[in-house]
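Taken in order, these protein sequences are the chains called X and W. All residue numbers for the first sequence refer to the working numbering, where the first residue is 918 and numbers rise by one. All residue numbers for the second sequence refer to the working numbering, where the first residue is 196 and numbers rise by one.
None of these hints come from the bench; they were simulated from the model. Hints may be right or wrong, so weigh each one.
[What the hints assert, rightly or not] Derived DSSO-like pairs (lysine-lysine); straight-line CA-CA distance at most 27 Å:
1) W:K199 <-> X:K962
2) X:K950 <-> W:K238
3) X:K924 <-> X:K950
4) W:K238 <-> W:K320
5) X:K950 <-> W:K199
6) X:K950 <-> X:K962
7) W:K320 <-> X:K950
8) W:K312 <-> W:K238
9) W:K238 <-> X:K924
10) X:K962 <-> X:K924
11) W:K313 <-> X:K924
12) W:K312 <-> X:K924
13) W:K313 <-> X:K962
14) W:K199 <-> W:K312
15) W:K199 <-> W:K313
16) W:K313 <-> W:K238
17) W:K320 <-> X:K924
[Stated by the list, open to error] Here are the simulated distance ranges between beta carbons:
18) W:V324 <-> X:S922: 18 to 26 Å
19) W:I308 <-> X:E967: 29 to 37 Å
20) W:A280 <-> X:Q935: 20 to 28 Å
21) W:D282 <-> X:Q984: 39 to 47 Å
22) X:Q956 <-> W:H235: 40 to 48 Å
23) X:Q984 <-> W:S197: 34 to 42 Å
Even glycine gets a Cβ: it sits at the ideal position worked out from N, Cα and C.
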Amino acid sequence: MINYSIKCFGVFRQFGDQLNVSVTPGSCVQQIKAALVQQLGEQHKTLVEESVLANDNEILPNAYILQEETPLSILPPVCGG
Amino acid sequence: MSIKVLVSSDPLSLETAVQSVVDPAHGAIDTFIGTVRNMHEGKCVTGITYDVHAVLAEQAFHEICEEAQGLWPDTRYYVAHYQGALDVSGISIIIAVSSPHRAESFEACRYVIEEIKKRAPVWKKEHYVDGMSDWLPGHSLSEEAEHSMTCCGHCQEDAHG
Chain X
918 MINYSIKCFG VFRQFGDQLN VSVTPGSCVQ QIKAALVQQL GEQHKTLVEE SVLANDNEIL
978 PNAYILQEET PLSILPPVCG G
Chain W
196 MSIKVLVSSD PLSLETAVQS VVDPAHGAID TFIGTVRNMH EGKCVTGITY DVHAVLAEQA
256 FHEICEEAQG LWPDTRYYVA HYQGALDVSG ISIIIAVSSP HRAESFEACR YVIEEIKKRA
316 PVWKKEHYVD GMSDWLPGHS LSEEAEHSMT CCGHCQEDAH G
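Here chain X stands alone, though its shape is the one from the complex:
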């Protein structure tokens, strides 16, 4: 298993500064999001699905396969300005 630390932003801060999930090696972003739903509960499924994961440099598509224990962030829908 690979552990990922996911930094929380916006409404995800209700769960703390970061979330930790473990997934099998070769998992994609979508699978990490599924693991997050399992951890947070089905009531947060829509929020997780509408959110995106990012590494330190870019937003990652759902099909993106993470190769290593990259620091991640979860970005809920945005409302800047």
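With the hints as your guide, set chain W onto chain X.
Okay, now just chain W, sitting in the frame of chain X:
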């Protein structure tokens, strides 16, 4: 430098914004200042806390300004977004755009703020007079993710053109 962007926990300065886009060949500077409103959907607001992914937000600001430059050539940009807590009337964002003539400045400035609202990783937590707080809903970045340059993480970038 024709594009300057930043995320800051210090008060934003309109003078800095204007000075950043001054150009002797430009006859117009348009500015947009976003401030904290005291009312939202019938609730009395006392302030807003702005949460920002600073690295990705600055990247998004820069990309949006570059797009605007493609649409309105010969324009200069300054974008600053506040990170942290602000009281009512506090300044959350300043955008300044300069151009040779006024029309491009108005249009480009409008483009930049509208795109920032949809695409920049910034979140607002509103605080109300009754002591309650709410994170505001917003625009999902899912579309941005699926259209990003990064593909599946396994392919070489050139394989996707």
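Consistency of the hints with the structure:
1. At roughly 38 Å between alpha-carbon atoms, W:K199 and X:K962 are farther apart than 27 Å, so this suggested pair is violated.
2. As the CA atoms of X:K950 and W:K238 are separated by approximately 33 Å, the hinted pair breaks the 27 Å bound.
3. Of the supplied pair hints, the one linking X:K924 and X:K950 holds, its CA atoms being roughly 13 Å apart against a limit of 27 Å.
4. With a C-alpha separation of about 13 Å, the suggested pairing of W:K238 with W:K320 holds against the 27 Å cut-off.
5. For the proposed pair X:K950 and W:K199, the alpha carbon gap of about 34 Å is over 27 Å, so the pair is violated.
6. Between the alpha carbons of X:K950 and X:K962 the distance comes to roughly 9 Å, so the proposed pair stays at or under 27 Å and holds.
7. Between W:K320 and X:K950, the direct Cα distance comes to roughly 24 Å. Compliance with the 27 Å bound is thereby established for this hinted pair.
8. For the hint linking W:K312 to W:K238, the alpha-carbon distance of about 22 Å falls within 27 Å, and the restraint holds.
9. A distance of roughly 30 Å separates the Cα atoms of W:K238 and X:K924; the hinted pair therefore is violated under the 27 Å criterion.
10. Taking the CA atoms of X:K962 and X:K924, the gap is near 18 Å; set against the 27 Å cutoff, the hint holds.
11. At roughly 21 Å between alpha-carbon atoms, W:K313 and X:K924 fall within 27 Å of each other, so this suggested pair holds.
12. The hinted pair formed by W:K312 and X:K924 meets the criterion: a straight-line CA distance of about 22 Å does not exceed 27 Å.
13. Between the alpha carbons of W:K313 and X:K962 the distance comes to roughly 22 Å, so the proposed pair stays at or under 27 Å and holds.
14. Distance check on the hinted pair: W:K199 and W:K312 sit about 18 Å apart at the alpha-carbon level, within 27 Å; holds.
15. Proposed proximity of W:K199 and W:K313 is supported: the alpha carbons are some 20 Å apart, at most 27 Å.
16. At roughly 24 Å between alpha-carbon atoms, W:K313 and W:K238 fall within 27 Å of each other, so this suggested pair holds.
17. Only pairs whose Cα atoms come within 27 Å are accepted, and W:K320 paired with X:K924 is accepted, the gap being roughly 17 Å.
18. Checked against the hint of 18 to 26 Å, the pair W:V324 and X:S922 fails, with Cβ atoms roughly 37 Å apart.
19. At roughly 23 Å, the beta-carbon separation of W:I308 and X:E967 lies outside the given 29 to 37 Å, and the hint is violated.
20. For the pair W:A280 and X:Q935, the beta carbons lie near 21 Å from each other, so the given range of 20 to 28 Å is met.
21. Between W:D282 and X:Q984 the C-beta distance comes to about 45 Å, which sits within the given range of 39 to 47 Å.
22. Checked against the hint of 40 to 48 Å, the C-beta distance between X:Q956 and W:H235 comes to roughly 31 Å, which is inconsistent with it.
23. Look at X:Q984 against W:S197: about 37 Å separates their beta carbons, and that is inside 34 to 42 Å.
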